[in-house]
Structures are given as structure tokens and as C-alpha cells.
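Colleague: Please build the complex by placing chain B on the supplied structure of chain A, with the hints as guidance.
Order-wise, the sequence lines are chains A and B.
Here the first sequence is numbered in our numbering, starting from 1 and rising by one per residue.
Here the second sequence is numbered in our numbering, starting from 1 and rising by one per residue.
Derived from the structure by calculation, the hints contain no laboratory data.
Please note that the accuracy of each hint is not assured.
The list treats identical chains as one, so a pair stands whether inside a single copy or across any two.
[As the list claims (entries may be wrong)] For lysine-lysine, the following DSSO-like pairs were computed, each having C-alpha atoms within a straight-line distance of at most 27 Å: (1) K418 - K203; (2) K100 - K192; (3) K100 - K74; (4) K74 - K418; (5) K100 - K419; (6) K145 - K100; (7) K419 - K74; (8) K419 - K145; (9) K192 - K418; (10) K419 - K192; (11) K192 - K203; (12) K145 - K192; (13) K418 - K100; (14) K418 - K145; (15) K419 - K203; (16) K203 - K145; (17) K203 - K100.
If you're wondering where the values come from, they're calculated on a predicted model, not measured in any experiment.
Number of protein chains: 2
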Amino acid sequence: MSAVSERVRRAGESGGRLARAPAEARTRALQALASALAQPAVRARVLEANGRDFAAASGLAAPLLRRLTLDATKLETLADGAGQLAARADPLGTVLARRKLDEGLVLTQERCPLGVLAVVFESRPDALVQIASLALRSGNAVLLKGGREAAESNRALADVVRGALGSSGLPADAVQLLDDRSEVDALLGLEKGVDLVVARGGKEFVEHVRARSRIPVLAHAEGVCHVFLHRSADPSKAAGIVVDSKVSYPAACNAAETLLWEPGAEAALDATVAALRSAGVELRGDGATRARHPDMTVATGADWDAEYGALILAVARVDDLDAALAHIARHGSQHTEAIVAEDRSAAERFLAEVDAACVFHDASTRFADGYRFGLGGEVGIGTGKMHARGPVGVDGLLTFRWLLRGSGQVSADYGPGKKPFLHEEL
Amino acid sequence: MSAVSERVRRAGESGGRLARAPAEARTRALQALASALAQPAVRARVLEANGRDFAAASGLAAPLLRRLTLDATKLETLADGAGQLAARADPLGTVLARRKLDEGLVLTQERCPLGVLAVVFESRPDALVQIASLALRSGNAVLLKGGREAAESNRALADVVRGALGSSGLPADAVQLLDDRSEVDALLGLEKGVDLVVARGGKEFVEHVRARSRIPVLAHAEGVCHVFLHRSADPSKAAGIVVDSKVSYPAACNAAETLLWEPGAEAALDATVAALRSAGVELRGDGATRARHPDMTVATGADWDAEYGALILAVARVDDLDAALAHIARHGSQHTEAIVAEDRSAAERFLAEVDAACVFHDASTRFADGYRFGLGGEVGIGTGKMHARGPVGVDGLLTFRWLLRGSGQVSADYGPGKKPFLHEEL
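Chain A with its partners taken away, still in its complex shape (with noise of 0.2 Å):
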């Protein structure tokens, strides 16, 4: 057997105790995770995990050196976010349906883990927390691997998590660490033993994961998100909120890449565009925006479909609201789209009518995370729509499982001229 099917099933069968064990049991191993990491002993010793990561990555641009950075606000956030799960009802053996076929013949459709997760993250060790914490709270196993340069903070978390279960009686190894990158590849090999895999990070990752691995692959393949400023935007909203889609944070797979507007809407554009401006804003235009605005770049074809990733936002004016429809289904990667109106009945006509998983009216697209939609964090963001859509949270890592409980009963004797089944909702 090789060293990762090895791990793998250790996982499974920690994973298959630590479903089984008390809700409480979850609970408690969640509080010990966030008081664990308030405990000073343990912050210096995760800080200074880091601080070697750091001092070994010099090379890298600021902003990944910003992600691998862990601080003592960082290290709050994930305590916090550990609390705020170890609150939550446990969803293990909920019940979502339970319906009576005939007389001593009940199925229950029943909540369950998956089972065992493989996720492979960027360098941002604090995203190492937040998944286990999520995998706790669903009773998963999960098998983890970062960045590199994060190596030495991955592993002093990963002991402070799996320090949490084994004080609360739970097996560690159902929260795993994985060495290197074969490892990775030799788990995608496997038949058996791995029910989810959690791709975060590049598009040219996730196809490597997708093309290798006969496991589901949870990943969101790019966010082109929209904003659309309608006729009856409010200037001042729209520019907030757009500055906010597209500055606060230009790598992530939230922020806005395209801005549209519509004739009728040009003081809400105009104050936009001067407040990207001044936030050093690269703006790419067409035709009609730079006939308003003629000192944009000029816009082309490639334009509507990029994920930029970077301080450079597209520019388009549209004729109406179906325009602007018709631009996002055709451009748009279904992950977050917004409408500034002030014209409830147009944004209610964009909230019923974009297909994608996040749809925001007045709101920046940034808020499309599991955090701040108060599901006590994520393992990523889905923009298919089978099983989770959006960011993935809880719910995301469950599957159910049909229960039935009868006395004997034979499917032979049910049907139209025989006995009748009751299907009656308890």
C-alpha cells in the first residue's frame, strides 16, 4: 500500500469516528481550536512558524507576501470563526424528510458527511484553519495541502487543529497534512477512498486536478463579475460600491472585471469613473463609454471575457437592462453580478433573471464569500450548479442518505391493483 493510500485510509476511518462521535464531541474539539489559538504560547509559536516562512519567501511580490503573512488580527479572524462554528446546530443525522410508504415502512432522508475531502490550497495558511474547521463541524475527514512557501505555518496549524481533536477525544488524523505535490498526484490516481477534492487556485490548476482526477472536483473555474449601473443608479452608491468590487481586493475571484452602464446612468458612471481614477484604476473603454470618456484605453474583444485579477476594470455602455442581461449571459462566469438601482422594480427584474450563483443589488460583489454570508467561513466558491453553488460552507461538504425501515415488506406487493402506498409526510 502505498504512503498516501495509507493516509487515505486513515482518514477514512478517523473520518467514519468522528462523524459517529457526539455532536458535542465536534463542539468541543471546535472550542479547544479557538481557544487553542488565543492562547499566547501557541500564537508565538504559530507567529514564528511564520515568521521563518516569511524570511524564506523574500522574493515574492507584496501581495503574496501578504497572503502568507499571519498576524495576530489574522489569527482572532480564524478563532473567531472557529467560535462562531462550535455555536452552530450541528447538521449531522438531520433529518430533511421523513415520510411513512406504508404501515411499519418509514424512510428517512438523513443528513451525512461526505466523508473524505482532499483540498489543495494557495499559499495563505490561514485558509488551513478555516477548512478543517469546516470539515470538523461537517464530521469529514480531510486531507490538506498548501502552498510551499507556507509550509512551516501549514504544519504548526495543522498541529494546533489536530491538538484540538485529541483533546476532545476525536482521532487526529482525520485532519491531515500531505508533503508535497506527488502526493497530491497520487491521491487524484486513486479509485476509492476520496469523495470531494477542493481545487483552490490558478485556472490552469484546476484543469491539472480536473484532467487527472476521477474524483469530484469542487472548484469555481474564474469570476468575471459584472457590475451594471441602471439609469436609476445613485452616483455616490455606484461609486462606492464598484471602487469596492474592483480595489479592495483585485485578486480575488469577487472582485468586479467589467462595469456596464446604460444611457440614462451617465452622472452614476461619471462619478465612478473619477473615484476608480483616484483609486489608480486602469479603464478600458468602448466606443460610446470613450466618446464620454476618450482618455480610457481602448477596449477589444478580449477584454469582455477577462478575469484581470489586477487594478483594471472593462468598460461598457449597453442599451437597457436586457442589454446589459444579454451581455452577462454571454460574458459572465455565473459567480456574482450586480445591479446599482434605485429603481426597485429594475433590480428585482436582475435578481430574478441572471443565472448565476451570486446575484447583488446595491451591494459590492465583494461580499460573495462564505465569512461574510455567515456561513463561518469556506472551503472556496462554486460557480457550477450541481451540488453547492456560491461559496461553500457547511452545507457544501454534506451529502444525505435514504433510510428506509420497514418489516418485511416486498416491493412486489405495491402498484397500481395492489396496495396503495401512503407516502405520508411525518
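Modeller: Structure of chain B alone, referenced to chain A:
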């Protein structure tokens, strides 16, 4: 634009109209479908078309002919299914969660259709009406391709469904019949426009579909279902359940393929073996089973993973419940697993620990079916854990969207040291 992409476009547009129509319109269409299927003139037309298919299919094997044949009872069951779905609450717009993130910033998680489905099904024309009914209730457009042996029946039934849509003011193009396999292959190659492919049919066909498509595929790979006789099993229940699980429809994916028994269950085993023999089932035993029933064929390693789809059953002795669980974990296909036991705590352990879509106590594996479960039919049975699991009815054809209604909020104002989120459930 190719013929099939034009059809997909029309389906998408019609699906949008179907989904945005009031719930009453979808209910009316289902009622219209139910009453059309009860009208003598409609029945005569459908049965006549089916007769033509039957005449052309004279060379087919008896089980295939049975699937192909429509009769008054089958049409009654279909009318009944459509009527049941008409009586169900409309799921669109159902709120799964509503949360106040802050004053004037409210998040709603709302159910919505997947969009456009493509369903490829075997030569069983009643499946067409079942699938179309489920699509209608869930607000999805559907492109259908049935087995070519049922071409005339499918055309007649599709006309009935499209008539019901039209007479209810809904676009008939929400339900379309594809003409041939080349249209299916062209559809699988599309990048956009189809949200889910449901592949019903043999393993090779499902693999063919998966390999060609970037669209998510819902399909059950196989059904290797077990019945385990606990030492507390009641012999007459055991015999009844195992015979029904194997004999009532051996080609079904929810039919049992392997019988497991433990020491102490000899009386249940003997009764079951006798009943299976009377029903003409070939039994293949392991050494321990043949020591008791020497006239069984010898089971080889391959038998424990076989989906016979025929009147053959493998029989193995396991040491105890733990060994039964281990055998099922190794050889089962996560479809449907059953225990026969008078001992409730053994049964509950089995229900708690088997990782499968359906886990039954003292009931035939053949109950794993959307109609029997009270889902108003099924588009298929899923053995994966993502999205739908087990029989897939209306719920499996839905996804959700996150709608956020704000009043100008930006993300940079929230977080540690800034504004806290309220996260108040509404």
C-alpha cells in the same frame, strides 16, 4: 448555428419563460397532461404508435419488448404521476435561508431550476412522460432522446406533453425530442446552454457520455446491491425480501446481486435458498456456503463485483456484522444495501454505518425508486455523493441562487476592528 445549438437556444429561452411563469401555470400544465393521458382518443393514438414500434421490434428479447410495450395500466400510472406532481407544492422560489448581514443588507438563498436538461433514456417510452413531468414541476426545459425502438411512441407522447404545455400558455419548446444519436453527440460537445445531462442506460453508454461531455452528467455507474442476513433474521421475511430483491426485476439497478449471511442465520439462509431455487435463481456460493448447500455453483472472485442483471445471485458467509460492513464497503456500489434482522440495534448499526445512497432494514432493495419513495417519479438514480443521491426527483433538478439586497454597502467597511456582521436569521 447548427440544428442542435439552435434547439438548445430555444430550450433555454423557453425554460426561462417556464421558470418565470406563475406556479399555477406549471400546475395547470401537469393537470392538462394527466387528463390528456386519460382521454380515450389520446390513449388510442399513443397505443397505436406503440403498436407500430412493437411490430417493427419483433426480433427483440422478451424483457426489452416488455419495457417497450405501453398499455392502459402504464398510461394510468403516468397520468397518476403527473397528477401527483400537479398536487405538490411548487418548489421554485422556495427560500432555503434568509439572513440579515447588516441593517439594509439581506441575503436570501432561493431555489431555482438548473435550466436546460438533456436526458438520454432507454427504450421505455413511459420514461419520457415521467421525465418531462419532473422537468415541468421543477421549471426546467428538457431535451429528450429515447431508444430508437420506441421512436413512434416517443413522438406520440412528446406531442401530448407539448400540447399540455401549449394549452396552459407555456412554451411547447420547453420539451423537445431529439431525432438521433448524432444530435446527442453534437449536444454533448456544446460548451454552453445545457446544464445537466442525465444518462440512463448501460455502463458503456454512460462512459461514452462522460468522456465526450464537459457538461455535468448524472448517471449511476452500476448497482451491486447486497442483502445481509443477520443471525436474528426472520426466515420468512428473509426469503420474501431476497426473492423480491432479486426476482421482481433482475435487470433493474436496484436488484440484489449478493447475499451475505453470518453464522446463526442458517435457518434464514436455508429458507431463502429454497425460495430462490423455486423462483429459478442460479446460486453461486463461497466455500462456507457450499459446505451447507453443496449443489450451488462455485463463486469466483469476480462474482463479488458482478452486476448480473439476471436470475443469478452470489452468496457468501461473513464472520459477523463487521465483516458484512467490510464486504459491502469493498464490493458495494453505494447504491442500495439491506439488512434482515429482528435485532434492532444490529439493524440501526447497519443503517448508521453503511455508506450508500439507500440503506434498508427489513425491506426489499427494490423500494429504491423515485415513485415508491414518493418523489413523483425519477429521472434516474445517482450513486455519487455530489448533488442528488439515490432516486432523483424534483429536488435533484433544482439548484439555488444567493440573492443579496443592499443599500450601497461595501465590504471594506466590515471586519475585525470595523463594523461587525449581524448574521441574524430571518
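Colleague: As a check of your reading, is K145 near K192 (CA-CA no more than 27 Å) within one copy, between copies, both or neither?
Modeller: Classified as within; 19 Å inside a copy, 32 Å across copies.
Colleague: What label fits K100 with K192 when the C-alpha limit is 27 Å: within, between, both, or neither?
Modeller: Neither: 34 Å inside a chain and 41 Å across chains, both beyond 27 Å.
Colleague: Taking 27 Å as the upper bound on the Cα-Cα distance, should K203 and K100 be classified as within, between, both, or neither?
Modeller: For K203 and K100, neither the intra-copy (47 Å) nor the inter-copy (33 Å) Cα distance is at most 27 Å.
Colleague: Please sort K203 with K145 into within, between, both or neither, judging by C-alpha distance up to 27 Å.
Modeller: within (17 Å within a copy, 34 Å between copies)
Colleague: Given identical chains, is K192 near K203, meaning Cα to Cα at most 27 Å, within a copy, between copies, both, or neither?
Modeller: both (26 Å within a copy, 18 Å between copies)
Colleague: Since the copies are identical, ignore which copy is meant and state whether K418 and K145 lie within 27 Å (CA to CA) inside a copy, between copies, both or neither.
Modeller: neither (56 Å within a copy, 32 Å between copies)
Colleague: Between the shortest in-copy and the shortest cross-copy C-alpha distance, which are at most 27 Å for K419 and K203: within, between, both, or neither?
Modeller: Result: close neither inside a copy nor across copies, 55 Å intra and 33 Å inter.
Colleague: For K100 vs K419, is the C-alpha pair at or below 27 Å within one copy, between two copies, both, or neither?
Modeller: within (14 Å within a copy, 48 Å between copies)
Colleague: Check K418 against K100 for me: Cα-Cα at most 27 Å, and say if that holds within a copy, between copies, both or neither.
Modeller: Only inside one copy: K418 and K100 sit 17 Å apart there, 51 Å across copies, limit 27 Å.
Colleague: Evaluate K418 and K203 at a C-alpha cut-off of 27 Å and name the case that applies: within, between, both or neither.
Modeller: neither (56 Å within a copy, 33 Å between copies)
Colleague: I want to check one pair: K419 and K192. Are their C-alpha atoms no more than 27 Å apart within a copy, between two copies, both, or neither?
Modeller: Intra 40 Å, inter 45 Å, cutoff 27 Å: neither.
Colleague: Within a copy, between copies, both or neither: which one fits K74 and K418 at a CA-CA cutoff of 27 Å?
Modeller: For K74 and K418, the Cα distance is within 27 Å only across copies (14 Å; inside one copy 64 Å).
When held up to the earlier numbered hints, the structure conflicts with 1, 2, 6, 8, 9, 10, 14, 15, 17 and fits the remainder.
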